[in-house]
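**Student:** Residue numbers 1 to 508, in my numbering, belong to the letters of the sequence shown in order.
Each hint should be verified, as a subset may be incorrect.
Cβ pair distances, simulated, as ranges [claimed, not checked]:
#1 Pro163 - Pro214: 42 to 52 angstroms
#2 Gly461 - Pro105: 28 to 38 angstroms
#3 Gly478 - Gln109: 13 to 23 angstroms
#4 Pro191 - Gln492: 43 to 53 angstroms
#5 Ser98 - Pro236: 43 to 53 angstroms
In short, the hints are calculated from the structure, not lab data. We put the beta carbon where it would ideally sit given N, CA and C, even for glycine.
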Amino acid sequence: MSNWPADPLPKRRSILDVAPPLPDLGRRLWEAEPGPVLTYARLCTKDGAAAAELAAQSASHELHSPRRGGERPGTLPTVPVALRRVLDTAAVWATTGSRAAVLAPGLAQWMSRDRAERRTGRAPDSLALRGLRDFEPADGELFWWSCVEGVPVAELARRLARPEEYVSVEVDRVTERFRERCRVTHSLQQPDPVCRSYAGLLDAAARECAPTIPADLLQHLDGCAGCTEAFTCLSPGNPMLPVLAAEAVLPWRGSVYVSRRRQQLAEGAAAPTGRDDDTEHPSARAARAAPFGGRLRLVAAVAVAVLLPTIVVAGATSDGDAPPRAASPGPAGPVPVPTGAGGPTDGRTATVSARPTDSPSPSARSSTPGAKPGSSPGTTPGSSPGASQDEKPPADEPSADPPPPVCPARLNVSNSWPDGIQADLTLVPGRALEEGWVVSFALAEGAEAERVWHGRATTRGDRVAVTADTYNRTYAAGATVTIGLVLRGRRQGPWLSDVRVDGRPCRF
1 MSNWPADPLP
11 KRRSILDVAP
21 PLPDLGRRLW
31 EAEPGPVLTY
41 ARLCTKDGAA
51 AAELAAQSAS
61 HELHSPRRGG
71 ERPGTLPTVP
81 VALRRVLDTA
91 AVWATTGSRA
101 AVLAPGLAQW
111 MSRDRAERRT
121 GRAPDSLALR
131 GLRDFEPADG
141 ELFWWSCVEG
151 VPVAELARRL
161 ARPEEYVSVE
171 VDRVTERFRE
181 RCRVTHSLQQ
191 PDPVCRSYAG
201 LLDAAARECA
211 PTIPADLLQH
221 LDGCAGCTEA
231 FTCLSPGNPM
241 LPVLAAEAVL
251 PWRGSVYVSR
261 RRQQLAEGAA
271 APTGRDDDTE
281 HPSARAARAA
291 PFGGRLRLVA
301 AVAVAVLLPT
311 IVVAGATSDG
321 DAPPRAASPG
331 PAGPVPVPTG
341 AGGPTDGRTA
351 TVSARPTDSP
361 SPSARSSTPG
371 AKPGSSPGTT
381 PGSSPGASQD
391 EKPPADEPSA
401 DPPPPVCPAR
411 LNVSNSWPDG
421 IQADLTLVPG
431 RALEEGWVVS
441 FALAEGAEAE
451 RVWHGRATTR
461 GDRVAVTADT
471 YNRTYAAGAT
481 VTIGLVLRGR
491 RQGPWLSDVR
501 VDGRPCRF
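Input sequences plus hints: build the corresponding full structure.
**Tutor:** Okay, structure coming up:
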């Protein structure tokens with residue numbers, strides 16, 4: 001066998017390289033959309049008015065603010081660079097009393113801890129961050145918009161003015177490139193010899209080439225955060241990959257950012273504000289005609305254009321100390337409702353539909369001044385009580401709201417033995433799961449959960465509750481939640497029953 005090194009593989013050319021050149025791939029994908037910047041600014045502030053001001057100021061400071069230590073220009077896609085600029089501007093706000101008062105609860109304390117950790121020593125870059133930095137600029141833009149932002153291929157093709165099938169091939173290519181770079185980095189640059197010894201088996205298990213995941217690998221994944229991250233990066237179609245990539249570059253609420261962006265897409269509004277060419281702000285129109293070097297100034301112009309209506313909405317409702325919620329989308333879809341002192345405080349966004357056919361609940365109708373709950377459109381306030389008596393609904397009439405979507409659940413057994421099984425419990429909740437989700441189920445009599453992964457388990461009697469781990473705190477709407485189980489015992493009938501997500505029953 002020759003000792004000469006093998007010839008390097010020929011460089012694979014991108015379809016975007018052989019196609020007619022684009023003016024600027026990043027600019028075409030942004031398409032003057034303020035959604036990412038406004039959404040992340042909303043997570044850093046208490047109300048929409050402060051979010052719009054923070055987004056505009058972060059754009060105006062693009063050329064004047066120093067970069068983060070060790071960050072080289074051009075090493076990340078343009079979206080995470082813009083979002084980091086929002087966080088840097090919020091750090092400046094935290095040093096002034098009036099500005100600090102409008103920041104999201106907990107952000108100032110997190111910044112203090114972050115500065116202290118930097119003084120003690122810079123932590124090594126995560127595997128996902130190194131994979132993002134290894135991209136060519138065009139590939140990095142396409143990967144971020146398709147994977148993290150979740151923009152559909154059809155919309156990407158429209159923005160790029162390319163055939164949809166070409167863009168679909170490109171999305172698959174950049175996703176596979178990210179996976180391959182993460183595999184090489186994890187295999188060759190892993191300092192821990194134990195982790196290196198598991199690298200090949202981990203790759204095979206992530207690609208589902210192995211029939212089952214060996215027990216020793218599962219035990220290693222339970223105690224090794226680095227290999228758990230690698231498993232997510234190497235798994236094709238893993239729903240946690242967008243969250244992992246976002247948290248690699250957005251240390252403050254990166255997972256919630258992904259959830260809010262996916263929620264906006266699911267509601268039919270990819271950006272918090274719509275754009276109408278007839279009513280577009282002149283400064284935004286002029287900024288879009290400028291070179292891409294002023295892209296963040298373009299975001300500032302759009303943010304200023306939406307600042308006035310946002311202030312009107314913010315003046316009508318007070319957020320108080322409630323956790324930050326997503327910026328309001330345009331009128332095309334359901335509109336997030338700012339909550340006051342009596343609203344929810346768990347950070348989830350309440351929505352109402354923009355469809356004119358929806359009617360308020362009975363409690364809302366009865367509390368409306370001057371409204372007749374049982375009156376029809378033809379009934380006037382002067383009508384006799386007897387005429388409207390038959391039309392009044394009963395007091396205990398249930399709400400006309402549609403039932404919650406059914407959550408299908410399934411137990412997929414991958415290995416079995418006389419007194420136990422190894423299986424994956426998969427669920428599709430049908431809605432986005434934010435931090436604090438809980439999956440619970442009842443065990444059959446005589447069965448016990450010996451091992452649980454992809455979550456932290458607590459057992460009380462015959463019921464097991466699984467909460468989020470550090471790497472899967474959120475799930476996008478429509479994503480599949482997977483919980484690994486090793487169950488043992490002599491039981492009669494099914495291993496599991498009564499599966500629930502956040503207390504809602506699932507079809508099992």
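**Student:** Could you run down the list of hints and mark each one as holding or not?
**Tutor:** To see whether the hints hold, each was checked on the structure:
1. Pro163 - Pro214: 42 to 52 angstroms: holds (44 angstroms)
2. Gly461 - Pro105: 28 to 38 angstroms: holds (36 angstroms)
3. Gly478 - Gln109: 13 to 23 angstroms: violated (34 angstroms)
4. Pro191 - Gln492: 43 to 53 angstroms: For Gln492 against Pro191, whose Cβ atoms are near 50 angstroms apart, the range 43 to 53 angstroms holds.
5. Ser98 - Pro236: 43 to 53 angstroms: Roughly 49 angstroms apart at Cβ, these two residues keep to the hinted range, so it holds.
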